[in-house]
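Following the hints, complete the assembly by docking chains B and C onto the known chain A.
Below are the chains, spelled out letter by letter.
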Amino acid sequence: MNKTKQMVLALVGVAVLDLVLWILIRIGIIGPYWQIILNESMIYVIGGLGLSIIYGFTGQFSLGHAAFVGIGAYCAGWFAITFSHYGIWASLGSLVVGMVSAGLVGYLIGVPILRLKSDYLGIATLGFNFIVYDGMQNSDKLSSVLGGAQGMTGVPQFQTFEWYFVTAVIVFILVRNLVFSSHGRACTAIRENETAADVVGVSPARTKIMAFTVGCVLAGLGGALYAHNYPYVNPDSFSFLESINYLIIVVLGGLGSMTGTVITAVGWAFLLEVLRMFLSLLGPSFINLRGVLYALILVIVIILRPQGIFGGIEASFLVPHIGRRKSDAAAGS
Amino acid sequence: MPLLEVKNLGINFGGLRAVNKFDLDIQAGEIVAIIGPNGAGKTTVFNMLSGYYLPTDGTIAFKGCTMNGLRPFQVAQRGIARIAFHPRVGYNMLDSILRTPRFKAREAELTGRSMNLLAVFGLEDKAEIKASGLPYGAQRRLEIARAMAVQPDLLLLDEPAAGMNPSEVQQLVELVRFVKEKFDVTVLLIEHQMGLVMNLCERLIVMDFGEIIASGLPQEVRDNPKVLEAYLGRGAVA
Amino acid sequence: MVTFFQQVVNGLQLGLVYALIALGYTMVYGIVKLINFAHGDVFMVGAFMGYIGYTFIKLPWPVALVMALLTCAVIGVINERLVYRPLRYAAKISALISAIGASFFIEYFTSLNFVFTPNYISFTPPIKEITWIVGGVRITDIQVVILVTVAAFLALLQLLIFRTKLGLAMRTVSFDHDAARLMGVDVDKTISFTFFVGSGLAGIGGVLFGFAYPQIWTFMGVMTGLKAFIAAVLGGIGILPGAVLGALIMGQVEILTSAYISSQARDAIAFAILIIVLLIRPSGILGRNEPEKI
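Protein chains in written order, with this note's numbering: chain A, 1 to 333; chain B, 334 to 571; chain C, 572 to 865.
Hints were generated in silico from the structure; no laboratory data involved.
Please note: incorrect hints may appear among the correct ones.
If we take Cβ atoms under 8 Å as the criterion, some of the chain B residues that face chain A in the derived model are [stated by the list, open to error]:
1) Ser383
2) Pro405
3) Phe406
4) Met426
5) Ser429
6) Ile430
7) Arg432
8) Phe436
9) Ala460
10) Glu461
11) Val483
If you're wondering where the values come from, they're calculated on a predicted model, not measured in any experiment.
Think of the CB as a built atom: it goes at the ideal place given N, C-alpha and C, for glycine as much as any other residue.
In isolation and in its complexed conformation, chain A is listed as follows:
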């Protein structure tokens, strides 16, 4: 079957990519600094997919995504530090802790907030971001481990790229499965027209809350990984500016396109580094142009392609066949 072949091919391609990168890292062509960037790109993929579910697929405008990444990072980090004597199990456990904590908060916040309409929801989530940020700044009052304004240190570091890559691939597969199921269809129905979906029997509240919670779970996972990739877990990494970064990734990639989110997340993570490298070749004074170039790229891309780079486009091996397959002709009548 064509689709199955395509999917297998894609998986093989992914495995090969991982192998190639693994070799490059072992040989040393990709140094430790770039490995951290590679890991970071995977974190953005996971977090980006989370926002993609919330906003790209369900149409809920969240400007506070980074707060949930931060909640995941802090909770996971705290857990990993406190139980570090259990070694790798503590870190694996911390991933779960990150997901659950972010998901739980997402659920609790989502229930009242998701009633708000688009722009206002954005503002409310933005506000939530600030409140969480403030909490992080004062986190040392809760527990000295959390570090307060200086940030949290001491989280055991795992910078092996494979872990991040495999996690991102698994997340991607699961997200894809969710999107192309009745849950995913409910989400897009809500996004397209909440009233119409209501009439057909799709509960707007339940769908939105589910999508938001799942998106926050992914954000939490991203945050948990973040805590293991960087020696400092700092409140400034989860400010509203970071939420805007996630928004840029999802919109620029194309709302409703998982392919777009993934590619743009990776591209974005590397863009700034590449710009820095490129500009430093021209001379030390040119490095400051990085921000200006980034801004120009952003504006030009969105004006040229308002629907996003992959807007409306999804890799074909991901999309299941619509309509009857020959094998289904007998069933379901």
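Structure of chains B and C alone, referenced to chain A:
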């Protein structure tokens, strides 16, 4: 027992009494139309039946169960939809993300049912096209197909013949008759086009200024002086 | 008690400046349904223009104010023309991303060494610290200047919107672009003019802010712009008196929180208030709740 029993339905919008003392009983298998000039309150009644507006007065009972205050999706799922209140799809999120056999079986069943429904309306070969890309007539058929997907016992149609010329209206009459026979569904519609209404409906209810001014067989209603005044007195097309 | 009134006065000072910025947000949102992300950065440019005009070019400060007004107004118009107009009828989120890009551009461009530099700049403001004591409360000269200037421009704005043809055009376009066109309104010019006025006001706000708190920085517009935006939403986005009301509230909340709770918590508390208000009155304090017609 009537399928749908509406008693003394009324609603206020601020100081405006949009619907007042609206009674309606529909037996299973009937085709009934609500007609009346623009602004009479017909769509408002529909919106109350679907759960969009909360009535200020009166009750709505469907198959014996009170429907007042239900959210629209609940009305779709339960009231104007299938009989039992069970999970609509039959698999949960874990099944989805792990692609269990249960998921696959249910998806195949859903696909099968959807495709069958499309086939009934002659749309099966257009399954992969976006709805907005379909010709107008096909879109209307798709709307009805979509409405039938919730397996309703009562189908609400709001001005289904809007913008159609006489031959299209005739096709619509046949389509609604066909749907009623094939799916054993009761139909309540709002309509302006007399051609559709006279040919199709067994009973008419006429509204004006939020109230029922006449009801009965199409012939009786058509000759009723109050009805004529409501329509012609305001220069509306009869 | 006196200290309380003192804080109220300080809050009024801040709130009035926020009002100028918030008006710009609300005017633009009203007419093109866009959150002008770059507005806060226009405010920043105003502050710098005031500083440059007064400190370097040695202009009398009212002249520097006018210079800032015009510069910012022009920047606003250019912004609209280049960055927003192409996306005016595209998805709102695309326009927002574009606005974010414009904001970043202004911030990073002005941070370049040959422009404003990325450093904090402190300067001596022109308005002498002459203080008046009224009932035990200290009122500084700058506060009076702010009050008078803001009041004057609010009055002018009121005149513009409700007594001139341009103002009528602005109100018309806010309702519906196509209908306005059919009525003979030059929609493009009207929108440009709205940006001109809104950005000009932000420029004035920037100058006054710089004179009141004379430490400026190319990223100062980020937080201030955000707070002014919250103020506009709080009062009811798209509604001019709402922007002023929201701004005055925000100013008070910020100063009182700083004084009585902690200066760190002020942003969080401001947002918390906003969220609560939105949950109760989803369209803002003075906003009209228009139910969907099905």
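Does the interface hint hold: is B:Phe406 within less than 8 Å of chain A, judged Cβ to Cβ? With a minimum Cβ separation of about 5 Å from chain A (threshold 8 Å), the hint on B:Phe406 holds.
Let me know if the C-beta of B:Val483 comes in closer than 8 Å to any C-beta of chain A, holds or violated. 6 Å, holds
Report holds or violated for the interface hint on B:Pro405, using the least CB-CB distance to chain A and a cut-off of 8 Å. 4 Å, holds
A closest beta-carbon separation below 8 Å is what the hint needs, so does B:Met426 meet it against chain A? This hint holds: B:Met426 lies near chain A, its Cβ roughly 6 Å from the closest one there, short of 8 Å.
Agreement of hint B:Glu461 with chain A interface, Cβ distance less than 8 Å: 5 Å, holds
With 8 Å as the cut and Cβ atoms as the points, is B:Phe436 at the interface with chain A? Hint on B:Phe436: holds, closest Cβ of chain A at ~7 Å, below 8 Å.
Does the closest beta carbon of chain A sit nearer than 8 Å to the beta carbon of B:Ile430? Status holds, d = 4 Å.
Does B:Ser429 hold up as a contact with chain A if the rule is Cβ-Cβ below 8 Å? Given a least distance of 4 Å, the restraint on B:Ser429 holds.
Status of the hint placing B:Ser383 at chain A (closest C-beta pair under 8 Å): 6 Å, holds
Does B:Ala460 hold up as a contact with chain A if the rule is Cβ-Cβ below 8 Å? With a minimum Cβ separation of about 4 Å from chain A (threshold 8 Å), the hint on B:Ala460 holds.
Given B:Arg432 was flagged as interface, is its beta-carbon under 8 Å from a beta-carbon of chain A? OK, holds: B:Arg432 within 8 Å of chain A, min 6 Å.
Going down the numbered hints, you'll see the structure goes against none, and every one checks out.
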